Amino acid sequence: MKILVPTKRVPSTDEGVRIRPDGSGIEDVALAFIINPFDAIALEEALHIRERRGSGVEVTAVGIGNAAFESELRIALAMGADRAVRVDFDGALDPWSVAQVLGAIVRREKPDLVLMGKQAVDDDSNQAGQMLAGLLDWPQATFASKIEFVEPARLSIARETDRGLETVIVGLPAVVTTDLRLNEPRYASLPALMKAKKRPIETISHRDLGVLPEPKVRILHLEQVAVDRVCVRVADAAELVHRLRYEAKVI
Amino acid sequence: MSILVVAEHDGAHARPGSSSALAVARDLAAHSGERVELLVIGRGLAFVAADAARFAPVIVADHPLLANPTADRYAHIIADVAKAREAGSIVANSTTFAKDILPRASAMLSAAMAGDVTGYSFANGKLLLRRPMYAGAAMATVALTGRPLVITVRASAFPAAEPLAEPGERIVWSVDASTLPNHSEYVGLESRPTLRPELTEARVVVSGGRPFRTGEEFEKYVGCLADALNGATGCTRALVDAGIAPNEWQVGQTGKVVAPQLYVALGISGAVQHLAGMKNSRVVVAVNTDPEAPMFSVATYGLVGDVRQIVPELIRELGK
Ligand SMILES: Cc1cc2nc3c(=O)[nH]c(=O)nc-3n(C[C@@H](O)[C@H](O)[C@H](O)COP(=O)(O)OP(=O)(O)OC[C@H]3O[C@@H](n4cnc5c(N)ncnc54)[C@H](O)[C@@H]3O)c2cc1C
Ligand SMILES: Cc1cc2nc3c(=O)[nH]c(=O)nc-3n(C[C@H](O)[C@H](O)[C@H](O)COP(=O)(O)OP(=O)(O)OC[C@H]3O[C@@H](n4cnc5c(N)ncnc54)[C@H](O)[C@@H]3O)c2cc1C
Numbered sequence: 006m007k008i009l010v011p012t013k014r015v016p017s018t019d020e021g022v023r024i025r026p027d028g029s030g031i032e033d034v035a036l037a038f039i040i041n042p043f044d045a046i047a048l049e050e051a052l053h054i055r056e057r058r059g060s061g062v063e064v065t066a067v068g069i070g071n072a073a074f075e076s077e078l079r080i081a082l083a084m085g086a087d088r089a090v091r092v093d094f095d096g097a098l099d100p101w102s103v104a105q106v107l108g109a110i111v112r113r114e115k116p117d118l119v120l121m122g123k124q125a126v127d128d129d130s131n132q133a134g135q136m137l138a139g140l141l142d143w144p145q146a147t148f149a150s151k152i153e154f155v156e157p158a159r160l161s162i163a164r165e166t167d168r169g170l171e172t173v174i175v176g177l178p179a180v181v182t183t184d185l186r187l188n189e190p191r192y193a194s195l196p197a198l199m200k201a202k203k204r205p206i207e208t209i210s211h212r213d214l215g216v217l218p219e220p221k222v223r224i225l226h227l228e229q230v231a232v233d234r235v236c237v238r239v240a241d242a243a244e245l246v247h248r249l250r251y252e253a254k255v256i
Numbered sequence: 172m173s174i175l176v177v178a179e180h181d182g183a184h185a186r187p188g189s190s191s192a193l194a195v196a197r198d199l200a201a202h203s204g205e206r207v208e209l210l211v212i213g214r215g216l217a218f219v220a221a222d223a224a225r226f227a228p229v230i231v232a233d234h235p236l237l238a239n240p241t242a243d244r245y246a247h248i249i250a251d252v253a254k255a256r257e258a259g260s261i262v263a264n265s266t267t268f269a270k271d272i273l274p275r276a277s278a279m280l281s282a283a284m285a286g287d288v289t290g291y292s293f294a295n296g297k298l299l300l301r302r303p304m305y306a307g308a309a310m311a312t313v314a315l316t317g318r319p320l321v322i323t324v325r326a327s328a329f330p331a332a333e334p335l336a337e338p339g340e341r342i343v344w345s346v347d348a349s350t351l352p353n354h355s356e357y358v359g360l361e362s363r364p365t366l367r368p369e370l371t372e373a374r375v376v377v378s379g380g381r382p383f384r385t386g387e388e389f390e391k392y393v394g395c396l397a398d399a400l401n402g403a404t405g406c407t408r409a410l411v412d413a414g415i416a417p418n419e420w421q422v423g424q425t426g427k428v429v430a431p432q433l434y435v436a437l438g439i440s441g442a443v444q445h446l447a448g449m450k451n452s453r454v455v456v457a458v459n460t461d462p463e464a465p466m467f468s469v470a471t472y473g474l475v476g477d478v479r480q481i482v483p484e485l486i487r488e489l490g491k
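Residue numbers (the working numbering), protein chains in the order written: chain A, 6 to 256; chain B, 172 to 491.
Don't take every hint at face value.
Stated by the list, open to error - In silico negatives: residues of chain A with every beta carbon more than 10 Å from chain B:
(1) V34
(2) D93
(3) Y192
(4) L195
(5) G215
To be verified - Taking lysine to aspartate or glutamate pairs in the DMTMM-like style, the calculated list, with each CA pair at most 20 Å apart, reads:
(6) K450/B - D19/A
(7) K491/B - D241/A
(8) K450/B - E228/A
What the hints assert, rightly or not - Examples of chain B residues toward chain A, derived with CB under 7 Å:
(9) D251
(10) M310
(11) E387
(12) V454
(13) L489
Hints are computed from structural coordinates only; laboratory data are not their basis.
It should be emphasised that the depicted structure is a prediction, and the values quoted were computed from it without experimental measurement.
Quick reminder that beta carbons are idealized off the backbone N, C-alpha and C, glycines included.
Bound conformation, chain A alone (with noise of 0.2 Å):
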């Protein structure tokens, strides 16, 4: 069983980001980056359903973007990915043009199950996975909390939606993109980590997968976002709701 694990690199969701005065992106020269955790989340699946499976089962990492992915990638490996795989690619994308290459990357790899993050925090478009399999005419199963092999080649899956936890049984080949409570992703361990530096990624240029990423979304501009309320300290519970009657009128 081949698993094919996504993983986009991502501005670490403990710094605040800063817009550059032109709007025309990030300030990320002094930015750390990290695995996008609900791709950390996917990979973590992946092992598991290999620790569990035993051999047999080959865990995938692969990213799309330029020589920076290789440290995200390498952590993948460290992680225990089997094997890291870099499309190299150095222009805009968006989730149709992820869809697209990743679509050519399933073509060419077949793997059985796609485990990918449901969003990735810095764009937060929500949208690969779906795309993917939409383009693939594959079952899809969105925000899994939970994933058991009910058979060899069926997975059933608990979905975190707006109104519960949903249960669907898909059949594979399948696309399922994580949420948060699904596992605690493991951490890579130091030695691990310094093996991963001699490992090899595979590197492929988009040409060779025979597919142009080309962005149907164009991010024009972009502007920093600041919430200017002054925050009126009260003294207690009377004044408090005194102030939401008769000043904010809102109760």
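Using the hints provided, position chain B with the ligands relative to the given structure of chain A.
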């Protein structure tokens, strides 16, 4: 050409958020001259269709195989209807229903998609959309290429649509069961019944953070204050992770986004991921023992103190 609004419903009524998607569609149509049509998908839709028709003509895809909202079948219907009606745009309210289904439909249509849209404008006749990124720290202005456009909107950012003077037409969509995909088997939905208003639709939201250590304690403080204010309950990820509150109550970047008239944050530190889900509320109240908590920086009113002492006092004051 039409603008198709995919309406989410509960089997009886369209969800109120769909009304904001309709309001956006009407406004876009006023610029483009397209007609606006609603699409409802499901089983046993007579009541929903009649309810929806009060607002716009409705295309009704009613079939036993559409009883549950599985992405493969719903996206298939949306793509088919969009082609047949020559939809220039497809609009829906940004919920997990739409987030699951619309990207799939948009890939099937090779359409460009923007999610979580909170505003738009026209520049030289071209539509520009605004959507938050980086947990709400940035607002992006984006342009989409090609047709149709697929857009999900945050209901809280737009007004609701008014009903029509005369109900719209009901158009029966004949579902060809033989072409419907059969990719997934729907097993069921587990949800906590609640008499409180839906989180994303409530005028008042009371949310609790880590200080609440059990479900009972959460109910005693957060739940009771919400009831005193006729509001909904929300929480931080900390409580969902700890199993104290259900996932569908999580407010934030990776949970629900709310913008009520009043948001009360009880014992919530104010992490950026949480703020992303509530900072556009009209009035924000923060109660926290730590006077330096970041939550105060986005609050309209701040009260430093212990939630266990302050919440009962608030409930008493509200009763006066
Ligand atoms: C220089 C530059 C210019 C950009 N210009 C644009 C632009 O014009 N328009 C635009 O929309 N965006 C642009 N972006 C952002 C773009 O790269 C986003 O990553 C892309 O839109 C995908 O959105 P998302 O990651 O939010 O997708 P989501 O749908 O939120 O991602 C879901 C999942 O898809 C997978 N995934 C996403 N991206 C990758 C990747 N690169 N490699 C591997 N897996 C991945 C991950 O598993 C992720 O969890 C630009 C970025 C840069 C650096
Ligand atoms: C990728 C990612 C996505 C995330 N998405 C979300 C999201 O969508 N939503 C979300 O909420 N979080 C999200 N988080 C988590 C977020 O970063 C914070 O960890 C979380 O919001 C903190 O919850 P909290 O405020 O309840 O807890 P804490 O940060 O521990 O804060 C508790 C607060 O309570 C105060 N306090 C303690 N005791 C009392 C008392 N007796 N009375 C009054 N005040 C008291 C403390 O002073 C403190 O300020 C995400 C994190 C990541 C990495």
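Hint-by-hint comparison with the structure:
no., hint, in the structure
1, V34, "holds (16 Å)"
2, D93, "holds (24 Å)"
3, Y192, "holds (18 Å)"
4, L195, "holds (27 Å)"
5, G215, "holds (17 Å)"
6, K450/B - D19/A, "holds (19 Å)"
7, K491/B - D241/A, "holds (15 Å)"
8, K450/B - E228/A, "holds (16 Å)"
9, D251, "violated (13 Å)"
10, M310, "holds (5 Å)"
11, E387, "violated (21 Å)"
12, V454, "holds (5 Å)"
13, L489, "holds (6 Å)"
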